[in-house]
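Heads up: the protein sequence lines correspond to chains Y and B, in order.
Heads up: take any position in the first sequence, counting from 1, add 371, and you land on the working numbering.
Heads up: take any position in the second sequence, counting from 1, add 188, and you land on the working numbering.
By construction, these hints were calculated from the structure, which means they are not laboratory data.
Virtual Cβ for every residue (Gly too), placed ideally from N, Cα, C.
Across the chosen pairs, the derived CB separations fall in these ranges: (1) Y:Asp-388 to B:Ala-231: 36 to 44 Å; (2) Y:Asp-415 to B:Gly-257: 23 to 31 Å; (3) Y:Gln-493 to B:Gln-211: 21 to 29 Å; (4) B:Gly-201 to Y:Arg-549: 27 to 35 Å; (5) Y:Arg-555 to B:Gly-257: 48 to 56 Å.
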Amino acid sequence: MAAGTAVDAMATTTLNDAAAQELARVVERHRPQIFRFLLSSTRDVDLAETLTQECFLKAHRNWAGFRGESSAMTWLMRIAINLQKDHWRNRRMQFWRTTRTNSVDLDEASEWLPSGESSIEQQLLARERVKQVWTAVKGLSERQRTVFLLRYVEEQELREIAGATGLSEGTVKAHLSRAVARVRLELGGKR
Amino acid sequence: MSGMEKREDKTDGVKERAGMQAQESQDLELEQALKDFKLSVDAWSDAAYSRPRTVAHTVRRRNWRLAVGWALGCVLVAGSLSGGLYEGNHQLELKRMEAQQRAALQQKQLEEQQARAKISDEVLLADVDSDVSRQVPSALEPLAQMMGDDETK
Chain Y
372 MAAGTAVDAM ATTTLNDAAA QELARVVERH RPQIFRFLLS STRDVDLAET
422 LTQECFLKAH RNWAGFRGES SAMTWLMRIA INLQKDHWRN RRMQFWRTTR
472 TNSVDLDEAS EWLPSGESSI EQQLLARERV KQVWTAVKGL SERQRTVFLL
522 RYVEEQELRE IAGATGLSEG TVKAHLSRAV ARVRLELGGK R
Chain B
189 MSGMEKREDK TDGVKERAGM QAQESQDLEL EQALKDFKLS VDAWSDAAYS
239 RPRTVAHTVR RRNWRLAVGW ALGCVLVAGS LSGGLYEGNH QLELKRMEAQ
289 QRAALQQKQL EEQQARAKIS DEVLLADVDS DVSRQVPSAL EPLAQMMGDD
339 ETK
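Sequences and hints are given; from them, build the entire structure.
Here's what the structure looks like:
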C-alpha cells in the first residue's frame, strides 16, 4: 500500500515535471507573439509587458485544465484578450486614473519601420501609410480592433480568430470587413 | 449599330476600365499599407521585447515608495486617532475627578452644616434648660428639688 502510494507520488511528480517543461516550451515559443498582440492593442510597452506576464501566470495556473481542444496559441491568445478586456473595464471603473495612460501617440507608433534599403521618400510614404492605418485602428471598436490585429498583424486564420475571440466565423468576417472598410476609407480620405 | 451608339459603348468601356484600374490601385495601396503596418508593429515589438528590462526595478521602487507612503499615512492616522482618543479620555477623567471633588466638597459642607446645626440645637436646648432652671421662682424650689430627687430614683 505504502509502496503503491510512493509510486503514485513519483508518477505525479514526473507528470508535473513534464507538464512544467511543456509549459516552459509554450511560453518560450509564444511569448513574443502574445507581447506583440498586446502591444499593438494597447500601444503601451509597460502595460503590454505586465499583461503578458499576467497571461503566462494565468496559463501556468490553469495549465492542468488545458485539454488541447484548440492550439496552445489560440488558448493563450484567448487569455490575453480577456486580460486586456478586464484591464480596460477596470480602467473605466477607475475613472480618476483615465488621465494616466502611457499609450504612445500615433506619430510615435508610426516611427517604427524596419531599416530596409528603401529610399527616404519611400520610407516617408510608408510611415504616412502606417500612421493612417493606426488612425483607422484607433477609431475601431474593441472587437473590430482585436479581430483586425489578429488577422493582419498576427496573420491568423479566421478559424483561429474565432477560437481566440469566442465569436463565430461569420461574425469575425463581418468585423474584419468593417475594419478593413474603415482602413480603406482612412487611406482614401487622406489622398 | 449606329456610330453614336458605338461611341457611347466605347466611352462606357473606358469608364469601366478606369474604375477597375482605380479599384485595383486602391487594393494595392491597402495591401501595401497593411504590409507596412505589420512590419512597423513587428519592428516596434522586437525592439521593445529585447530592450533591457528596467521596468521591474522602477515598478519595485515605485511600489516601495508607495508602501512607505502608505505606512507613514497609516502611522499619522493611527497617531492622530490614538492622540485624539487619549485626549478625550483624559478630559473625561479630569471632568470625572472634578465632579468627584465637587461632590465630596458639597458632602463635607453639608455634613459641617448639619453638625453646626446639631451643635446649635444642643446649645439652644442647654441655654433654654439653664434659663428655665434659673427662672424657677424660689417658692417652687422645694418642688423642683423633689422632681430632681424622683428623676434620680
